[in-house]
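Undergrad: Keeping the supplied structure of chain A fixed, place chains B, C and D upon it in accordance with the hints.
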Amino acid sequence: MGLAGFEVEVQRPQADGGLSTEDMTLSMGPQHPSTHGVLRFVVRADGEVMKEAIPDIGYLHRSIEKIAEKVGWHGFMPYTDRVDYVAAMPCNQGWAMAAERLAAIEVPKRGEYCRVIATEFNRIQSHLLSVGSMAMDIGAYTPFTHALREREYINDLIEELCGARLTFNYMRIGGVAWDVPPAWREKALAYVQRFEPLIDEFNDLISYNRIYTERLANVAVVTAEDAIDYNLVGPNLRGSGVRYDVRRDEPYSVYPELDFEIPVGRGEMGRVGDCFDRYIVRIREMKECCKILRQCLQQLPPGPVITKVARNFKPPPGDCYVRVESARGDMGWYVVSDGTAFPYRCKIRTGSFAAISIVQKVSRNLMIADLIAVIASLDLVAPEIDR
Amino acid sequence: MGFGTYLRNIKDAALTIADGMAVTFSHLVRRPYTVQYPDRLPDGVRVQDTLPFRYRGILEVDLEICTACLACERACPIDCIVIDAEKDKAAGGLVMTRFDIDLAKCMYCGLCSEPCPTGAIHHTPEFEGADYSLESMVRRFVKAPVVAYKPKKGGETDPEIAPILERGMRYVEEFASPDAPAGK
Amino acid sequence: MAPLAAVDLHVRVKARFGESIGELTGTRRDNASATVAPAAIVEVCRFLKTEPGLEFDCLSNLSGVDYPKRSVIEVVYHLYSYRQRHLFTLKVDAPRDAPVVPSVASIWSHAEWQEREVFDLLGVTFERHPDLRRILMPEDWPGHPLRKDFVEPEEYHGISTSRESLLKAT
Amino acid sequence: MQELVDGLIRSGLAPAALPAWVHYLVAMLVFGGIVVFVFILPIAGITTWVERRVAGRIQSRIGPNRTGPAGFLQWLADGIKSLLKEDIVPVAADAPLFKLAPYVVMTGFVGAFVAIPFGGPLIIADLNVGILYVTAVTALVVVGILMAGWSSNNKWSLLGGIRSAAQIVSYEIPAGLSIFPIVMLSGALSMQSIIQAQGWEPWRWNLFHNPFVFVAFFIFFVAALAEGNRTPFDLPEAESELVMGFATEYSGMRNLLFFMAEWGNLYVIGAIVTTLFLGGWQIPWALPDHPVVRTVLQFACFFLKSYFWVFVAIWLRWTLPRIRVDQMMIMCWKYLVPIAFVNLLGTAVWMVAFPAGLPAAQMALFLLGVALLGVFAWRVTYHLRRAGLTRAELSFNPLSTARIPW
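Chains as they are written, first to last, in our numbering: chain A, 4 to 390; chain B, 4 to 187; chain C, 133 to 302; chain D, 236 to 641.
Chain A on its own, in the form it takes in the complex:
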């Protein structure tokens, strides 16, 4: 991409013949250690202080929405894993719920519980990766390895459940592909029991470390109005103080039967809506996930996990807009069907696409080191932005 629409602003030489300075144009990415995937920011900086960071996306655009029109309803399920491979389960759930809503299919209770268990485990995984890589971007390498070590344990659990560690393809239209294997419940409960104190240890290690809070407090403050105006969702929205979660405000699946709180940014270290708030909301959300998991694993009802769905699935014509609470917030699936075996149109509106659109506004006169912190706190993931 050329630098179209982006010219370097040369400051005029000072009146008294002083030194004429010039902005520095830096290209950060697409190969850069901390842009979380293939993202590029054209940074116009005056020394260390940035005038503006303009995001340039599209490097990981596979046009998954076009593929949806080519492979059938069942065949598209593995592709939904690739929309956001860090949190694949909510994407599966979004696609499955869209097809079920179009064809008015009712998923058995145990199937819904399996879905919630898998999604909540996957949310912990995604938050662990986001929190760990944020600490690494600020300079602390140890929290990253501790976060990934815990993530590996969950990988093993999910591998036993559905056979894959990253691109799960676990859910099907009408339920889930595999039931919970024997003795898996006790193992999962034991893991949740073991994992909870490690969150506090993580907090002691890095979250309240003075250097860490100093780097994150009052950096890139997003007010509630801006967050809603830029359609920020999930932890980015809750970090700005808006108490909204699709699982509770637009309830779906079995979430109404589960009780859990919605952590919200309170501006402990600075103003509400700064990088620290978005970070600490993710940490507290992991605790809520543990609470949900404990309830689900204990109340798992007996019965089948999938209903009868035709192999050559043809939903009646119509469209639907399904919203799922992914790890990166409310993910919108707008699916249009024309009655044939191939989806007519599938638009996926993701949290990261909204989050990266606010980077340009937020990054004005921050320092370059802060841009890295902002990218990490918004939890941008390249595949979700470009689809």
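Since the hints were derived computationally from the structure, they do not count as laboratory data.
The hints are all genuine.
With the C-beta cut set under 7 Å, the calculated list includes, among others, these residues of chain C facing chain A:
# : residue
1 : 210
2 : 241
3 : 278
Don't be surprised by glycine CBs; every beta carbon is placed ideally from N, CA and C.
TA: Below, chains B, C and D alone, put in the same frame as chain A:
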């Protein structure tokens, strides 16, 4: 900023840094978690054996129990399975001349092993699929034309296919089915 | 107070804008939608955002759908109100050969990027859009990929876009 | 070392025809060469191995354990690999400056070893301006890094170079100010006399002499970390922001020289800290008086003390995040420098009030230090208890390999 906040900043910094160091020091006495794959494993343990039954590794096809129903070929979203089977009265039933899977394109999603009635195509825990040339990534399962398996009406299966069929059905039972009520 | 049903929302909008609002289609809360004349879309959106009882402060989703049979490209606006928990859908039909729709970027900031994506992938030009450039595809990419009649070019800057399948050779 | 050479000349071993300075020059080169190739480079290399092993255990992994016993020859393997790697000089780079930069940094690092007192007689040159010389030489490192940053003709390296210039130059002030109280206490600049002014018992070290020097120690250690570009001050080569900072364009042996200087500097920091604050090579009088055994014991004591602080620097690096540039400057000028001045005045007043020093205060400070360590140890056991670890998950063997999960 007042003198109070000045001192509080120093105390705050010192305490939180010391606490962070206490956590890392406590890690010095904890065992590492690394699994030293591939060469430093305890004697005789292969990583593949430790993987769960449902692990979706490289595909494998038992031709003896494959009924050539092409369900897997239709189910694969990437069309990386190609089967040629012709009706041949003389041999009595379908004769398969070709059953190829292009492992370079396969994304191990498991959609092919679901509709298989006898569990002929299933995932193995094998995952070391690296190879030197792209062509050798195509697994050709049919060496010589073979008659597709046809389950007999009477229900009894001849002895040497029975174990393979029993193993295949174990893969089929693993998948959730709408009618069979799953255990608690 | 409880969120308004789609029917009541439609009645209020219809009362205000009369004939430029089409009939309410769709049954469920998430797909009840009203078609809007392209000229009036900006006014309708501003009304929906600023009206005290409605307060649609968030454009949850803006997508384009290509209907070659009706030779129309339909731009779908999913609006959501965080305060009142309303959910409403507006649809604008633009002619397929020269789709032009006024931009709502002045009302919701995120519309700017979502409209750039619809422009990039479907070729709908948005009037008075602050910075209408391609967002996902490279600048000089021929055509708009999400159109039904899009044919993928053989190669782009000398890089071929398809690879001979290995399964052909027996 | 000078008497050693005079002795050689008198005993006729060295050809007397040559003038005396030629002998000194040759001796200096020989001794310098021995110290550099036998002691300094291996120390820098082994520190990389220690760092990667300690980092591994802190991050619950193993660290290098394939090359040599427990990976001990990893540093040698890295060295040889860097030698064999292609040495790229970017086309648009300012070639002479680009090539010279690593050597300036190396001289800055190796030069400091001249005045480091490893033992009673074990010092290359007991300069009477010892600590002043060391502070001056280590400032050479910033010249090298600035040259590297500018000459790589790469915006990221330029940022790295400018950051390091700001950082190292401004942290010279608190480091220097923290050295003054010690010089006042021992009354001399020479490193040996600073050590001799302290006793071997911990409460007679400079560190516990008075509360101001106690605080000056922490300030000096923080400032020294900043000069060594160690976390939380590793801004010049911040991996996550500037890719590799000033060393982005370097490859092969040049890159290795930069990082050998960084790890070697760690040992220099440890050595200076033990010399100034922790009584250097002082060992108890009761030990055998045989000169060789005594020197070896002194060397061992000095080495252990300084290597403990190298371990602390490594441990800090794998715990703390990185400071931002403006915060780094604020910390230097608003926190370290004022407190350093207070320590300077405090020590002066203290010396006037108690000319012979106050043994009671020294003992009290020593007990305070022990108490702090006790609280810290309890906090470590608290973390272990809270994480709910079984006995199997603990292992006190530093080279332990993994507990296989299945």
